[in-house]
Amino acid sequence: MTVHRREFLKRSGVVGAGLAAAGMLPRVGQTSTASAQESIRLTVWKAPHGAGDEQFFQEQFDKFITDWPNVEIEFRSTPWGAWAETYTAAFASDSPPDISYMPNAYFPKFAEAGLLVDFDTLETVDLAAWKPLFDERIWSLGTRGGKVYGLPFLQAGISFVWNKALFAEAGLDPETPPATWDELRSFAAQLTKADGTQWGYGIEDNSTGEMGNYVPVPIVNYGGELTNEDDTEWLATTDGHVQGLQIQVDMILTDKVAPPLGTFAGPEIFTAFADGKIVMILCYSSNLQQLLADRPEFQIGIGMPPAGPANDYSYGGVGYWMIAEKSAHRDEAAALTEFLSSPDVVNAYMTLTGLFPARTDVQPFADDPVQNAFAATQRNFLRAPSLPFDYFGIILPEYESALSGQQSAADAIAISGEIINERIKDGS
Amino acid sequence: MSAAGAGVFQSARNPRGAKTKHIAVYLALVLACLVTAGPIVLLFATSLKQTYTRAIDFNSLIRPDFANYRAIWTELQFGQWLMNSLIVAISVTVLILFLDSLAGYVFARMRFRGRDPLFAVLLATLMVPLPVTLLPLFLFANELRLINTFQALIYPALAYPMGVFMMRQFIQTIPDELDDAARIDGMSDFGIYVRVILPLCVPGLAVLGLYTFMSQWGSLLWPLIVSTSERTRTIPPGLATIPGQFATNWGLTAAATVSSLFPMLLVFVVFQRFLRQGFGGGRSTKG
Amino acid sequence: MTSHSAVGSAQKDRAATIRSWKRRARRLTPYLFILPKIAIFAAFLLYPLVQAVLLSFKGGAILSGMRNVGFANYRKILDDDLFWIGLRNTAWYTVLVIPAVIGAGIGLAALLNQQIRFRGVFIALLIVPSVASTVAASLIWNYLLQTNGGLFNAALGLFGVAPVNWLGTPKYLMPIFVAVEVWRGAGFYAIIFLASMQSIPSHLYDAAAIDGATASQSFRLITLPLMRPALLFSTVMATIWNFQLFDSPYVMTKGGPGHASLTIVMYIYDRAFKYDSMGMAATMSIVLLLIIMCLALLQLRLFHKEIQF
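Protein chains in written order, with this note's numbering: chain A, 2 to 429; chain B, 14 to 300; chain C, 364 to 672.
Keep in mind the hints are simulated off the structure, nothing from the lab. Please note: incorrect hints may appear among the correct ones.
Stated by the list, open to error - Simulated coverage check for chain B against chain C, where a stretch passes if three residues somewhere in it have a Cβ under 8 Å from a Cβ of chain C:
id: 1; region: 88-96
id: 2; region: 220-231
Stated by the list, open to error - Subject to a maximum C-alpha distance of 25 Å in a straight line, what follows is the list of computed DSS-like cross-link-like pairs (lysine-lysine):
id: 3; chain 1: A; residue 1: 165; chain 2: A; residue 2: 148
id: 4; chain 1: A; residue 1: 165; chain 2: A; residue 2: 194
id: 5; chain 1: C; residue 1: 385; chain 2: A; residue 2: 257
id: 6; chain 1: A; residue 1: 426; chain 2: C; residue 2: 439
id: 7; chain 1: A; residue 1: 257; chain 2: A; residue 2: 165
id: 8; chain 1: A; residue 1: 148; chain 2: A; residue 2: 426
Yeah, the Cβ is synthetic: ideal placement off N, Cα and C, and Gly gets one too.
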């Protein structure tokens, strides 16, 4: 027994020491400029818009490399749920990703800290040729302080969808969606079955951090903009804003026409919609793309979100390819950025995900009536605040608290407003 | 191994009661095992089918589809994660066992200036939560150009002082006389450490080794931030990135989760033998 | 005569010198032995810790630069609702989980300590969850607690009970994490306790039986007291570990819904990385550190008799 044990320990000790030594040896670092003289490594980070991101971008990179043989590209798909922390840590260090995909709502703090490249300083990029390819709004959302920080890649705006068949079943006109939130509330009452098999309306929970696409819409429709023109004050603290949140709270907790948050976990609420368990919902075209493909008989109604007393804004954003200031290979990164924004890549990606291109000259869905209907709703977005910190992380838990009955809507609105205004004052 | 304490239920007063109690023991254990192993079985069943929902059904056990287990190597990078997890966990464990037992020996046996204050410092830092040191550590690792390297994953783990505390406790229960006897025989301190102390520490080392391996195997936060590419990604951050913004492939997730259990299970089975030698003191005489 | 003694004294001198070198070397030994550990400890734990303390007196964001604000952060904590919510959640969780997981471990160990067959099989099955990382365990329980079609709700459905929104109901959340941790940890503690139980000499039990002691008396008066070191160590370890609860809520609910499952470490992490208030996060972590220290010392003091420090 003793002998065996010693042998075993000795052997495992040797193996372990070997592995430890392997681990201790300096690994080849991030930039392998050591061996091949001109071999350059670029890193590209992007949060996913579907399960096929990794494969898709690898294929695209292979094409890029045929023109740039000395470039090696490493792609990383970063999780949405940890977006802020992942990019903050990376940009705080000396080795941020060369290229990042950043939504308009998230990039300002990096721009303000001087961590993103101002595209005007890139000699190889002809901005004058790029700018006309995009809507004014889309182009300017990628700027800050007059400087252009990225090339727009995709835009995604939410739409209001409803199940036409179930509308008809309940005696409602399947071609007429609710025009206001009050109307939606009463429609929902008629569309909800007491046994819990059918809900009139649905709100996605915050488990994947996506709630911020939907819940602010009625809040803004009732109360007006979230911030003032130059983003120096958070305005979403009025009674109107409270009302916008309250109506959603009521639909879940009082009227019970929407399922309690978490009944369907995260994106499964869209599966529930596709299965007829929820009749009306706000969503992105990409949420439903696969689900609809699997259900060819589904009759979907697509339109703009209902309006409120203050306005009829929808919610959407634009994502950009941005370059890190600390990138060691600016020219190559710029070339790759331009490649990723080229018509072929854009077309292919939109076809894959069902989202919409930022550039106006690419029409991936010419013949698809459903996608065209979605496309028609990609407008009239509320002005997303450009604050140098992650305000969603502050307001969403408060709103979620209200929606799950832990605090009143009034408190949620007041508290989140307080925190944000204080942070704006703090300058952080 | 004698099952000391087995006699507890066989009191002289009620031999028949002992029989029913005996059955009750088996029943309780079976129930406990159902609770612990049941969900794993369920997970396994899920891994054997293609599913984007979480509906529970056991059909897949009858008609298993192992596609997911192939997919984790191709679609995800499970092979890479596994390799990296192994490298990190094994390196840390081996080095911790060595460093901490040596240090524990020193604190237990030797007197030197600053011993007690130093030990107090070590102890105090035991309770430091990870996020405190997380970003300073990240920036520090960055200064040393160690981001996305195995050193960054291994070194900080070696700093944790719990093993020192544990080994000191353990070694204190080993009688001093053994040391003295060895020293009279002319052994150096290091010799005493290797020949006398270490062998008697095996149960303590086993627990420490097991615990260290387990915590490295499951470490999420630090690797999530410091591993910026698949090259150094370990299993937990890998698993955490599978659920996507859109429908999660639960079959695939389940397959990856189940697969991550096997190495740990193996380690546990191996170390379990040493644990049975008794915790709470090396016994140099059979008692 | 003189030459002989001269040679002899030279040899004696050399021997004395060598002895004094050896003595000096032995005096150095402790320092040498602990040097690697202390060096690594200083570099990768102590230094960042000091940096964190310095950070706690700073405000601003790590990206845009930080500036000194003195004790302002510490004052702000008193007003910070989320800090107290996180603390409350964590405390509630810890109060529930320690007795639960230690108790379960003792219970399982006691069962395993009986004269049963297939002990190895039972142990193997019981520790299976322990080998699951917290991420794996959380994914598994996410799966089970799924409102639509999860195992628990399916079981409830058999009894005609409506599905429960487990992860969406605030008051269930901490107990759920307790369940996850007990499920995951009981087996591991059971093994430690079993080893401890098995090192208790059986003649003590025989003597007690002869004196007419019942099973539970034996357990209370012999087994438990003799397990003290193992129990104490596990309890303190478990308290420190569990007070830092992060993985399960992070994977399962991200602190939601609202702040119902926000733990203190989660909030520190959010503050540091999501809200990018590194200084504030450092401040909170220092406060947390002090709390944990007090808890641990309290526990040790309670068991003071058994521990020689």
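Hint by hint, here is what the structure shows:
Under the rule that three or more residues need a Cβ within less than 8 Å of chain C, the assignment of the region 88-96 of chain B is violated, with 0 such residues. By the rule of at least three residues with a Cβ nearer than 8 Å to a Cβ of chain C, the coverage given for the region 220-231 of chain B holds, with 4 such residues. For a cut-off of 25 Å, the pair hint linking residue 165(A) to residue 148(A) is broken: about 46 Å separates their Cα positions. Among the hinted pairs, residue 165(A) with residue 194(A) is consistent with the structure: their alpha-carbon atoms are about 16 Å apart, no more than 25 Å.
A C-alpha spacing of about 83 Å is found between residue 385(C) and residue 257(A), which places the hinted pair above 25 Å, so the restraint is violated. Only pairs whose Cα atoms come within 25 Å are accepted, and residue 426(A) paired with residue 439(C) is accepted, the gap being roughly 15 Å. About 21 Å separates the Cα atoms of residue 257(A) and residue 165(A), which keeps this hinted pair within 25 Å; it holds. The suggested pairing of residue 148(A) with residue 426(A) holds, with an alpha-carbon distance near 24 Å, which does not exceed 25 Å.
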